[in-house]
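Visitor: Sequence:
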Amino acid sequence: MDNEAMEGVMLSARTAARLAGRTCRTLQRWCEEGALPSVAVNGKGKRMIPVDALAPLLPLPLDDGLRTLLGRVEGGDGEAALALGLMLMEAGKGAPALAWFQAAAEGGNADAMHWLYQAYFQGLGTPRNRTLGIKWLAEAALRGHAIALRQIEQLRLGP
1 MDNEAMEGVM LSARTAARLA GRTCRTLQRW CEEGALPSVA VNGKGKRMIP
51 VDALAPLLPL PLDDGLRTLL GRVEGGDGEA ALALGLMLME AGKGAPALAW
101 FQAAAEGGNA DAMHWLYQAY FQGLGTPRNR TLGIKWLAEA ALRGHAIALR
151 QIEQLRLGP
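With the UniProt record's numbering applied, the sequence shown corresponds to residues 1 to 159, in that order.
Check before you lean on any hint, since a few could be wrong.
As the list claims (entries may be wrong) - Calculated pairs, EDC-like style, for lysine to aspartate or glutamate (alpha carbon to alpha carbon, straight line, at most 16 Å):
1. K46 - E32
2. K135 - E153
3. K46 - E74
4. K135 - E106
Simulated from the structure, these hints should not be mistaken for laboratory data.
Construct all of the structure, not just a fragment, from the sequences and the given hints.
Guide: Here it is as structure tokens:
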């Protein structure tokens with residue numbers, strides 16, 4: 001891979017694995033074998049992988065917009081993780097979307113929590129789990145999510 005490509009958006013093995021639907025260990029092995037380019041960024045052996053090298057493994061077409069979004073995701077931007085999850089859900093990739101909703105929810109994003117509720121409650125990209133869905137609905141409501149608050153109220157009042 002040339003230097004210009006290596007200067008683009010770089011992803012940690014963890015982010016790259018989640019995005020590509022592979023394990024971190026698989027990607028690390030590919031890097032060690034030279035099948036996937038990477039750059040070591042510290043003395044602890046942390047590898048950063050150019051997003052362009054992952055293009056064949058990605059669940060969405062790689063364009064400049066997605067590159068920018070992935071750069072924000074790598075930087076820990078919860079709104080970007082939610083946006084990526086929504087893009088994946090819209091593309092019919094429910095299972096990969098859940099990982100990004102989860103990442104955003106763990107950062108306190110109430111919209112992502114509400115999406116997790118919908119996914120688990122309705123079985124979108126995951127086996128249906130109403131208990132887990134209600135847990136995420138309650139979490140979203142606790143953070144003031146307006147729709148979740150109304151839905152919780154409806155559950156309390158019943159039909």
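Visitor: Evaluate each hint against the coordinates.
Guide: Results of checking the hints against the structure:
no.: 1; hint: K46 - E32; verdict: holds (12 Å)
no.: 2; hint: K135 - E153; verdict: holds (14 Å)
no.: 3; hint: K46 - E74; verdict: holds (14 Å)
no.: 4; hint: K135 - E106; verdict: holds (13 Å)
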